[in-house]
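Chain residues, written in single-letter form:
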Amino acid sequence: MAVYVIKRIVVSIMTLLLIMCITFLLMNAIPGSPFLTEKSTPEMIERANAKYGLDKPLYVQLFNYVKNYARGDLGTSLKMQEGTSVSTILFGQGKFELSIKLGVISLLLAVIVGIPLGCIAAYNRGKWIDGFLRVMTTVGVAVPTFVLAGLLLIGFAVNLHWLPTKSNSLPDFKSYVMPVISLSFYYTCYVAKLTRTSMLDAINQDYIRTARAKGVKTRMLILKHALRNSLIPVITYLGPVMAGIITGSFVVESTFSIPGLGKYFVQSVLNRDYPVIMATTVILSALVIFMNLVVDIAYKIVDPRITLTGKED
Amino acid sequence: MEKDNKNLLEIKDLKVSFFTPAGEVKAVNGISYSLGYNEVMGIVGESGSGKSVEAYSIIGLLQSPGKVVGGSITFEGENVLDFTEEQMRQFRGNKVSMIFQNPMTCLNPVYTIGNQLIEALMCHDKGYTREAARKRAIEMLELVGINNAEKRIDQYPHEFSGGMRQRAMIAMALICEPKLLIADEPTTALDVTIQAQILELMKDLQHKANTSIIFITHNLGVVAEICDRVSVMYAGHIVEQGDVNDVFYDPQHPYTRGLLSSTPRMDEVTRERLVPIDGTPIDLLNPPKGCNFGPRCKHCMKVCLREKPPLVEVGERHYSACWLHFKKEDEQEEAET
Amino acid sequence: MSGKFAKFSPFHVDPELIEGTFSLQPEDFDRADEDEKAAMEQKRKSVSYWRDAWRRFRSNTVSMVALGVFIACLLFAFAGPALIPYDYADQYRSSQKLGPFEYSEGEAVARSIAGSVDGFYATALQPGSLTSLAKGDYVIYHGGKTYAFTLDRAMENAILMLQTKAEDPLFIVSESKIQQDGSWSDSKAISYTDTPADGAVEIKLSRNVFPHAFGTDSFGRDLMARTMYGTRVSIIIGIMAALIVLIIGATYGAISGLSGGAVDFVMMRIVELIYSIPEVLVVLLLQVVLKDPLRAWFDSSNSALVQSLSALGAGIISIFITFALLYWVTMARIVRGQVLQLKQQEYVTAATALGAGNGRIIRRHLLPNCVGSVVITTCLQIPSAIFLESFLSFLGLGVSAPMASLGSLCSDALETITLYPYRLLLPSIVLTIVILSLNLIGDGLRDSLDPRLKK
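Protein chains in written order, with our numbering: chain E, 1 to 313; chain Z, 1 to 337; chain V, 1 to 455.
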């Protein structure tokens with residue numbers, strides 16, 4: 001187990017390094033200088049390049065960048081509030097916590113609501129509740145996050161005035177409702193669908209027939225024998241869910257005017273604020289990679305067939 | 001009740017149909033037989049002949065769209081088909097248990113062998129404590145010849161070999177001391193050497209535990225080794241039934257003869273679709289009017305294409321369903337191989 | 001065990017019993033000939049894989065309805081723009097911010113006139129603007145010639161045709177407002193008269209004003225036209241992206257699976273690496289990075305291919321590139337898995353043993369067996385590409401104005417959501433319906449093509 005975890009951590013760090021390199025090279029591939037504006041002169045650009053170390057050879061820049069990141073120095077913003085460090089921009093005023101809170105609540109909601117819904121549907125296969133859940137989840141995975149966010153806004157904020165349209169500081173419960181629902185709904189539906197399918201798949205397996213043959217109660221068949229096996233594909237899906245929730249947070253944060261990481265990422269992309277783009281990419285990638293690591297370990301705990309060296313095919 | 005019945009299990013005119021979108025498939029079409037205490041009955045037939053379906057209906061494991069549409073299954077005087085769901089659950093595993101063809105997929109991969117063995121015991125309130133159940137499970141594992149059972153009990157199915165898993169399956173099936181064990185091709189998926197070991201084990205346990213066995217297989221060699229009586233099934237009907245020696249040394253139905261003269265080679269034993277006789281089994285969606293075997297039969301007569309032959313006694317406890325038995329002796333041609 | 005068996009035992013039974021039940025004749029015991037036997041065997045027609053799949057798909061009501069809905073969406077997107085007189089990029093300044101089925105003042109006038117009279121009179125060369133009379137199809141009679149024009153957009157053309165100066169706009173005459181000197185100040189109150197004013201030109205209404213079924217946006221663009229166009233863009237992007245994924249993924253997977261060994265190992269490690277990269281982050285970066293070089297490339301080259309690519313816009317092309325770079329991995333994995341599985345099948349071994357070449361094995365055995373899962377994956381790739389495109393457009397990174405996609409329409413609508421919620425609602429619903437129908441078709445295809453479910 002320890003060997004496996006260490007191996008996975010090493011692979012994760014390598015993936016992260018690769019992403020850092022890709023980001024860095026992509027940023028450098030953009031023609032033109034970030035300091036190029038209408039009034040800038042060549043000397044000004046040169047001075048700015050020297051100030052931010054952009055005049056050095058590419059590999060030196062790359063090396064410095066990785067080294068600084070390892071020390072926790074994320075660099076200085078080029079555009080936003082010039083001269084302020086990227087860490088201040090990203091972590092100041094609780095932006096990071098805000099995004100993480102939103103993401104984690106949505107992820108938990110997707111799992112805690114999605115899996116039981118899937119089980120209920122599979123258990124009541126063919127009955128009205130299964131039909132209802134099937135329609136709901138099928139529609140749910142066809143609604144993009146921003147559409148749902150918009151619909152919720154129209155319904156609950158614009159027409160009914162129950163909830164605030166903007167969730168600037170997320171001070172209270174009410175401000176969380178719409179962002180969390182729009183962020184997690186798709187994944188709740190997907191997890192429910194996946195659980196139902198893999199549950200039905202598990203129910204048709206030979207070992208369920210064996211369990212029935214030895215007289216196990218129907219409830220236990222579902223909860224003990226089918227559920228744990230059907231969780232395996234669901235867990236595999238949780239890595240992509242995390243990535244998706246981060247992506248969705250870009251949309252949700254801009255829809256509900258939430259000052260979180262996602263919003264800054266999109267802004268920095270549009271502004272070409274390289275250090276902020278790179279820092280945000282690395283942080284978000286690290287989150288996704290960390291989640292994948294957690295998923296792989298959880299996978300191993302649920303499925304004893306996974307060996308130390310890798311997945312059994 | 002028990003005293004009145006010398007038979008453990010009596011099946012009368014059992015009919016099982018599968019209601020598919022294309023129409024009703026009569027998988028089992030009126031079979032009858034009885035099974036005594038301590039008796040081992042072999043059921044032989046090609047794939048799709050209805051042998052597994054018939055066994056599944058005894059233990060109530062028929063899955064939709066399969067349904068028992070007629071007949072009765074009497075187990076120790078009680079009609080199994082009248083059981084409620086809860087009665088059926090208590091019946092399964094306790095009075096009748098079953099082992100299956102593929103031991104690789106029949107054990108739940110995410111629970112230990114011990115967990116699954118103990119579960120079989122615990123779901124039939126027999127008053128075992130957790131510790132006692134565990135002890136019993138270890139005993140059972142030792143009984144089926146698993147060495148180092150104390151340690152093995154906490155291992156997962158994937159840590160067992162195929163033969164070991166089938167042993168564990170047998171231990172699980174017998175842990176509640178059932179009166180009847182249904183074995184659905186228990187050796188088909190195993191290596192030939194392991195097959196022999198498992199058969200030896202089953203024979204041994206049958207004597208020790210006084211259990212009746214219904215042994216479903218398409219392997220005639222296996223039947224000869226373990227069974228007292230044998231039923232040959234073809235397309236949902238029993239075409240021949242009798243003591244093993246009678247059926248093997250004096251087969252009366254052309255299909256049985258065909259089966260015997262096309263003895264499968266040992267290297268083909270693991271293949272499921274072995275068709276040793278010319279032609280293919282009939283389409284059960286559109287069964288012929290006459291004898292189901294008629295179109296493939298070397299001795300096919302005009303009557304065979306018109307009427308289904310009745311099952312008649314051709315020897316002591318030896319039954320066969322063929323119109324040839326109605327033909328006058330002097331008119332018979334020399335039987336061919 | 002083979003060898004001669006004994007004769008069949010005769011079964012002696014009461015002949016009357018048999019007679020009573022079966023009525024047998026001696027000749028019934030004659031041998032049946034082969035023809036008689038063959039006649040008994042009712043063989044079902046063997047059904048080809050595709051016919052069988054189609055039969056199963058057809059019997060799936062949900063999928064068939066979804067197919068119908070998707071075809072309706074296709075008609076909406078591809079035939080619809082030809083049926084309505086508005087174009088996605090036309091700005092009708094007098095018709096800004098209209099709700100669904102609302103008409104601008106001018107359109108309302110035109111509508112009210114249209115029913116009762118043939119036309120009304122207008123004159124040129126006077127100060128003011130005609131933009132108060134909006135959109136519709138009109139006919140102008142001048143100098144014995146008939147000019148058809150669309151009012152807002154064709155304004156300048158109309159003036160040219162009438163050989164007036166561009167800075168002197170055309171005016172619609174309202175008789176009561178005509179001053180003694182021939183000028184008038186109020187251009188809004190339009191009425192009509194049977195007798196033409198001096199120098200007035202007849203403006204004839206050729207047909208009713210087409211309603212803005214989805215309303216118009218802040219630039220006065222018809223939202224139904226934009227939604228139709230956006231749906232078209234989204235569907236094209238979805239299909240193209242799925243094809244790119246299909247070609248790259250299937251080729252990569254097939255090569256990896258067929259090669260095996262070290263090649264397979266290296267190729268699959270690459271796939272795993274790409275798999276673990278959070279795709280959307282890279283997609284966003286690529287969008288930014290690719291936009292300018294693509295534009296420069298479009299401007300520099302004159303070849304027909306580049307020109308046709310540039311018509312699509314840099315945003316869409318970079319979406320395709322990101323798909324080509326990142327999204328083929330799932331397809332590659334599926335195809336590789338299939339190939340590996342099929343390679344071990346007995347019939348492939350048999351074909352090899354019979355001396356069939358690699359090409360023949362791929363054509364005859366591997367391809368037909370892979371087709372099912374490839375079709376399913378491709379079909380399900382379309383909605384996911386539409387998803388991604390709408391997401392990027394929503395963030396302002398996809399298609400660029402005046403081009404529209406369903407995502408960019410939603411994004412535009414968000415700014416004014418409190419005032420005009422329907423602007424978000426309508427494209428959202430269309431987007432959801434397109435994705436939903438494609439998902440359901442994909443599910444239906446999986447159910448009907450997957451051989452595992454055949455039993």
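Check before you lean on any hint, since a few could be wrong.
Claimed, not checked - Below, in silico cross-link-like pairs of lysine to any residue (SDA-like), each with a Cα-Cα straight-line distance of 25 Å or less:
hint: 1; chain 1: E; residue 1: K7; chain 2: V; residue 2: R269
hint: 2; chain 1: Z; residue 1: K95; chain 2: E; residue 2: K7
hint: 3; chain 1: V; residue 1: K343; chain 2: V; residue 2: L246
hint: 4; chain 1: Z; residue 1: K15; chain 2: Z; residue 2: G30
FYI, nobody ran anything at the bench for these hints, they're computed from the structure.
- Item | Those earlier numbered hints the structure runs against, lowest number first | Violated hint: only 2; rest satisfied.
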